[in-house]
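Asks: Okay, here's what each chain looks like letter by letter:
2 protein chains.
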Amino acid sequence: MTDEKVRLASVGLGRWARVLARAAQRGSVIELSSCFSRDEAKREAFRDEFRVPRAASSYEELLADDEIEGVLITTPNDTHRNVIVRALEAGKAAYVDKPIAHTLEDAIAIEEAVRTSGQTFAVGHSARRLAGHREIKRWYKEGLLGDVSLVEANFSNERGLELDENAWRFYASKSPGGSLIQLGVHHIDNLQFLLGPVESVNANVKKLHTRAEVPDAAMVICQFEGGVLGYLGSGWASPGVYTMSVLGTKANLFYDVDFTHWDESHLADKYSVLRSQFYGQSERRTVELGSSDMFREQLEEFGLAIRGEATVEVGAAEAVGALAVVRAALESSERRGARVAVGEVVEAARGSSAA
Amino acid sequence: MTDEKVRLASVGLGRWARVLARAAQRGSVIELSSCFSRDEAKREAFRDEFRVPRAASSYEELLADDEIEGVLITTPNDTHRNVIVRALEAGKAAYVDKPIAHTLEDAIAIEEAVRTSGQTFAVGHSARRLAGHREIKRWYKEGLLGDVSLVEANFSNERGLELDENAWRFYASKSPGGSLIQLGVHHIDNLQFLLGPVESVNANVKKLHTRAEVPDAAMVICQFEGGVLGYLGSGWASPGVYTMSVLGTKANLFYDVDFTHWDESHLADKYSVLRSQFYGQSERRTVELGSSDMFREQLEEFGLAIRGEATVEVGAAEAVGALAVVRAALESSERRGARVAVGEVVEAARGSSAA
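Those protein sequence lines, which keep their order, are chains A and B. The first sequence lines up with residues 1 to 355 when you count with the numbering used here. The second sequence lines up with residues 1 to 355 when you count with the numbering used here.
No lab work stands behind these hints: they were computed from the structure. A portion of the hints provided could be inaccurate.
Any copy will do: because identical chains look the same in the list, a pair fits if it lies in one copy or spans two.
Derived lysine-lysine pairs resembling DSBU-like cross-links, with alpha carbons at most 35 Å apart [what the hints assert, rightly or not]: (1) K137 - K207; (2) K207 - K141; (3) K250 - K174; (4) K5 - K207.
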């Protein structure tokens, strides 16, 4: 490992920036060297809490700071493109929280900026790093599940019930898709990590019980290349749920994570359970899981990748792929659930980006 | 209660007839007075096992037996219409296992024969009688769940992997829809029992891993009147799964039944668990359940209804309603998952029945 810590700066200093800062400071790879928010009080509070040596008074100032090797971006989704592209063009590496952007056009523009800049870029699709998802993937790859037919996932919580006009997630222009783009996109990445690309979707996405402009109930059927069927449910109007079931000819796996401890990612595995059920048996047995620290691990991987000592697992391609499934699902829902090919949605967005 | 036992006859003496006979004999309402199968050895074995006083050597003979008040039909799905209609026309009450028929046209013809005959008729959508489903319904009705947005159900087992050409379920002409019509139809009834009629569906139904002609993997998104979304997964190529999750603004419920003990329905509740999760909490608590005996209860209700001392809970209307959702899902899947209105499928079938 590199002798000198990787010097990063936090940009957008809300709740999630603090979760990531705590994760980075659990390790010894990253040093938070600076930070920026337009809100001065937030900057000072963040500096104090995380002992950050300095804060920039403008984003320009931050990007002009030669000490800074990369930025950790947790600004609202609709600002990602501008904030990321400026960082890349200033010669900084960029880490951004999921989703990569609020529109596929922005996501593709970011992907293009990553390509032309040659900078390190990572997206926080962290959930696939949970010990349970890694174990499910191992069972799948090693054939312990046999032939898989149905995979079902749900990620829901009560956030939609708490949104008001002060929250950017309230607005369709900033967070189109509601729970589907904020929560569901995690499981889309998990599903594609497990099974490969989603080929097409049928979806029904509705606004039922929350005041926000955005949907709070989504059901998506995914058809994977090869024919396996995947289901994603995602709501914003219930107590928190995070589950995945995988049904195979030799065995089933059932994964259940207590979302309450999500933010403290070094503890998340302790509040999760993976159970197996084998062919010819009704009994379900708990599968022993290792422990992970998804936020720390992804940030350290990003930091080491800047130094050429690691490879980013989730970059622009994977993140565009996850967002594309969200966009395809929303388009399907607008067309009364008609099947939408994910590749066509991406091609259309590339066409309009190029135009 | 009636002093004299209700005299019924079993028709079609396979595995399921024996499950029902054991259920009837756990109670004191029903007397199995006769039985019929085309296979004489099966008739004799059934008489012996259940101490049935006589066996008919033809269905005509059975129907001409004045002692018999009703028949318990467990013949293959594609024979239901003929066997039921002949019983009704002979002045017998009829109980048939789910699905009511293999096609909606047959189901509607049965419904019409019930109406014109005035006979008692019941369909074995028994699962809604499980203590957990009754408790979920109570929570829903009493508002303990708040506003429900997403309901997810799965009923899958390994049966498809075991089918060969000797089994009627192997053939698309006799069991169109595979696991969806054999297993999924249970949960469709459960969902409609809980939430009211399904308005429309989007579905993807595939044949993936089994030798049989019929599909072994189905995913269906149901939109209920009022907008609530329901999901049904049903496969025939994995160890057994029977689950239902209900997500509401005030609470979630998670129901899990160990299907291994399904046949012994007086034990089924003991091998099931219902858990609740309230708003603002991650903890899930086990909900205490009463005990039921779904097969015995439905048969006794049928018997007492013949005597005018009970009302049939699941008759032709409910069973046609459940099959209609299966048919709408299969049609949706053939049309690449396009939304299909259940009412239109029923109307079309009524039109072709009337023509």
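Asks: Broken hints, numbered, in rising order?
Replies: 4
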